[in-house]
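Colleague: Input sequences plus hints: build the corresponding full structure.
What follows is the residue order along each chain.
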Amino acid sequence: MNKALRYGLLALFSCVFLFPIFWVIISSLKPQSELFTYPLTILPRNPTIANYITAFASGDFITYFKNSVFVAVVATLITITINVMAGYALSKFYFKGRDFIFYMMIGTLMIPLQAIMVPIFLLLKNLGLLNSLWGVIIPPAATPTGVFLARQYIQTIPDSFIEAARIDGAKEFLIFRKIIVPLAKPIIATIAIFSFMWRWNDFLWPFIVISAKRKMTLQLALANFVGQYQINWANLLAMTVVTMIPMIVVFIVLQKYFVTGLTAGGVKA
Amino acid sequence: MAPRKRTHGTFEQTAAPLLFLTPNLLIFLIFIILPAVLGLRMSLYDWSILSGTGFVGFKNFQKLLSDAMFWKTLANTFVYVIFVVPLLVVFALGLALLLSKEGKGMGLFRAFYYLPTMLSLIIVGIAWRWILGFDLGIFNYILKLLGQKPVSWLTNGAMANASLIMVTIWTRVGYFMMMFIGGLQAIPSTYYEAAEIDGATKWIVLRRITLPLLRPMILVVVVLSTIEAFKSYELIYVMTQGGPGSSTKFLVQYIYQVAFEEDRLGYGAAMSVVLLAVIGLFTTVQFIAQKNEYTNE
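Protein sequence lines, in the order shown, are assigned to chains A and B. In this text, residue positions in the first sequence follow our numbering: the first is 3, and each later residue adds one. In this text, residue positions in the second sequence follow our numbering: the first is 18, and each later residue adds one.
Derived by calculation from the structure, the hints in this document are not laboratory data. Hints are supplied without guarantee of correctness; some may be wrong.
Stated by the list, open to error - Some, not all, of what chain A presents toward chain B, calculated at C-beta under 7 Å: (1) Leu12; (2) Phe24; (3) Val26; (4) Ser35; (5) Phe97; (6) Met107; (7) Ile108; (8) Ile113; (9) Ala117; (10) Val120; (11) Ala143; (12) Thr242; (13) Val244; (14) Pro248.
This structure is a prediction, so every number in the text was calculated from the model and none was measured. For every residue, glycine included, the Cβ atom is placed at its ideal position computed from N, Cα and C.
Modeller: Right, here's the structure in full:
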């Protein structure tokens with residue numbers, strides 16, 4: 003009985019907790035007229051995907067979508083490449099200043115974008131990176147957490163693998179590509195997932211770098227939409243749901259980690 | 018880590034680590050370290066894109082002292098932090114205590130609470146703005162059905178702040194819950210078994226075993242959520258835009274406004290230095306406290 007009560011309460015509370023997401027999805031399937039007429043109904047009386055069609059029919063939304071995909075995918079590829087390379091250099095080689103460089107990188111966690119956005123803006127302006135997707139992609143591509151995770155993981159790869167390859171005369175880059183990368187796959191996947199999530203959801207970087215409409219990412223476009231005097235809720239809700247979808251997919255893929263109680267937390271990697 | 022004998026010899030082997038490190042290091046230096054230094058320098062200048070720049074020393078900081086809006090936004094930010102952090106800790110810990118034991122369906126419940134943390138703050142803000150709308154929102158509709166007056170969730174100063182706090186908790190609680198679950202699962206079960214043999218009540222177990230052993234994790238959560246709260250901007254941007262009036266205007270928004278809308282970049286940079294100092298302070302506190310924690314053991 004006690005157990006049933008506990009589960010019942012948890013289930014009830016979860017429903018209330020998840021209601022906002024449910025409500026946005028349901029609302030996006032209601033025709034414009036139903037959104038604004040009393041009495042409100044939980045389920046749409048005449049469910050429709052008209053809002054989605056209108057959203058996609060305006061070419062702008064497709065542009066924003068493409069920009070978001072481009073930023074998230076390219077940035078993630080760059081982030082895993084350079085972070086895993088750095089993690090390798092900082093774990094399997096010995097050189098002067100190595101630990102200093104590592105701690106400096108970790109130390110930059112104390113300098114959030116919010117505190118340096120003014121000089122960043124000027125810097126990107128001088129480098130001609132304003133209103134360019136590259137200006138969004140490159141500056142935050144090196145992440146302290148990414149380097150940290152890669153370094154910790156690669157440390158566990160036995161040195162003998164690397165030495166054996168060297169004795170066989172393998173070039174350094176080949177060793178990286180053929181030994182380190184395959185063995186580091188689990189951590190690469192972790193960094194990739196968190197990088198993708200963070201990039202897809204990120205608002206502040208594009209907000210500082212991009213002002214031209216055709217360069218906007220989805221998050222930026224959504225925020226811009228809300229700033230208008232008259233909000234077109236029917237369209238906005240559909241766009242919001244579309245923007246949510248990739249994260250829901252990641253969520254479903256990550257499910258098993260929750261079930262086993264294993265989590266890396268939502269680190270910005 | 019045992020010191021390994023140096024791999025000496027070829028030029029390639031000496032150059033390799035530097036080549037592997039270069040792209041990353043360059044980005045860190047150019048886009049984090051350099052802006053941080055530039056920001057410190059800019060804070061000493063009257064810096065404007067349209068009307069030029071001039072060195073003013075500490076004048077920007079002096080101006081801050083008498084800038085009523087700066088103090089207002091700083092106070093708003095502090096109030097937000099003071100409510101958000103303890104509430105987050107309590108709710109996240111509560112959920113973690115309920116959900117840390119392995120059992121049927123527990124993973125699913127954890128996943129439910131984690132879901133909002135995966136959505137962008139822009140989406141979260143839009144969702145809640147839709148729900149909290151004065152005329153069309155479902156919250157006010159429910160109140161109406163219950164015969165109550167509608168509430169100005171986002172258009173009354175105090176309510177807007179309360180709404181922002183509530184939404185922040187909603188979107189972040191799952192993240193910190195997961196951290197607490199990790200901490201709870203790391204506590205050896207022998208402690209609990211011993212307590213059970215001694216016949217300790219649940220309350221005593223919580224107070225004497227769980228909470229003390231969880232203290233380092235609580236500290237981490239407090240510091241992380243404090244820093245996060247000081248940086249917050251996105252939710253406010255979509256939910257209230259700082260309004261009504263300036264009752265939900267926080268420090269980051271004011272920095273943005275001063276620097277980019279009023280073209281007073283030097284003054285904005287000076288405010289950023291204050292933000293950086295606050296964040297640095299909390300990180301240092303965490304660092305010292307963690308160090309003490311380890312030396313005490």
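Colleague: Evaluate each hint against the coordinates.
Modeller: Status of the hints after comparison with the structure:
Here the hint on Leu12(A) is kept, as its CB sits about 5 Å from the closest CB of chain B, short of 7 Å. Evaluation of the Phe24(A) hint against chain B yields a violated restraint, the C-beta minimum of about 10 Å exceeding 7 Å. Of the supplied interface hints, the one on Val26(A) holds, with its beta-carbon coming within about 5 Å of a beta-carbon of chain B, less than 7 Å. With a least beta-carbon distance of about 12 Å to chain B, the hint placing Ser35(A) at the interface is violated under the 7 Å criterion.
A distance limit of 7 Å between C-beta atoms decides the matter here; for Phe97(A) the minimum to chain B is near 6 Å, and the interface restraint holds. Interface restraint check for Met107(A): the shortest CB-CB distance to chain B comes to about 6 Å, inside 7 Å, so the restraint holds. At about 10 Å, the closest approach between the beta carbon of Ile108(A) and any beta carbon in chain B exceeds 7 Å, and the interface hint on this residue is violated. For Ile113(A), the interface hint holds, since its Cβ comes within 7 Å of a Cβ in chain B; the closest pair sits about 5 Å apart.
Interface restraint check for Ala117(A): the shortest CB-CB distance to chain B comes to about 4 Å, inside 7 Å, so the restraint holds. Here the hint on Val120(A) is kept, as its CB sits about 5 Å from the closest CB of chain B, short of 7 Å. A least Cβ separation of about 6 Å between Ala143(A) and chain B falls short of the 7 Å threshold, and the interface hint therefore holds. A cut of 7 Å between beta carbons decides the hint on Thr242(A): the least distance to chain B is about 5 Å, and the hint holds.
Violation of the interface hint for Val244(A) is found here, the shortest Cβ-Cβ separation to chain B being roughly 10 Å, above the 7 Å cut-off. With 7 Å as the threshold, the beta carbon of Pro248(A) stays out of range of chain B, its nearest partner Cβ sitting at about 10 Å, so the hint is violated.
Of the numbered hints stated above, those contradicted by the structure are hints 2, 4, 7, 13 and 14, listed in ascending order.
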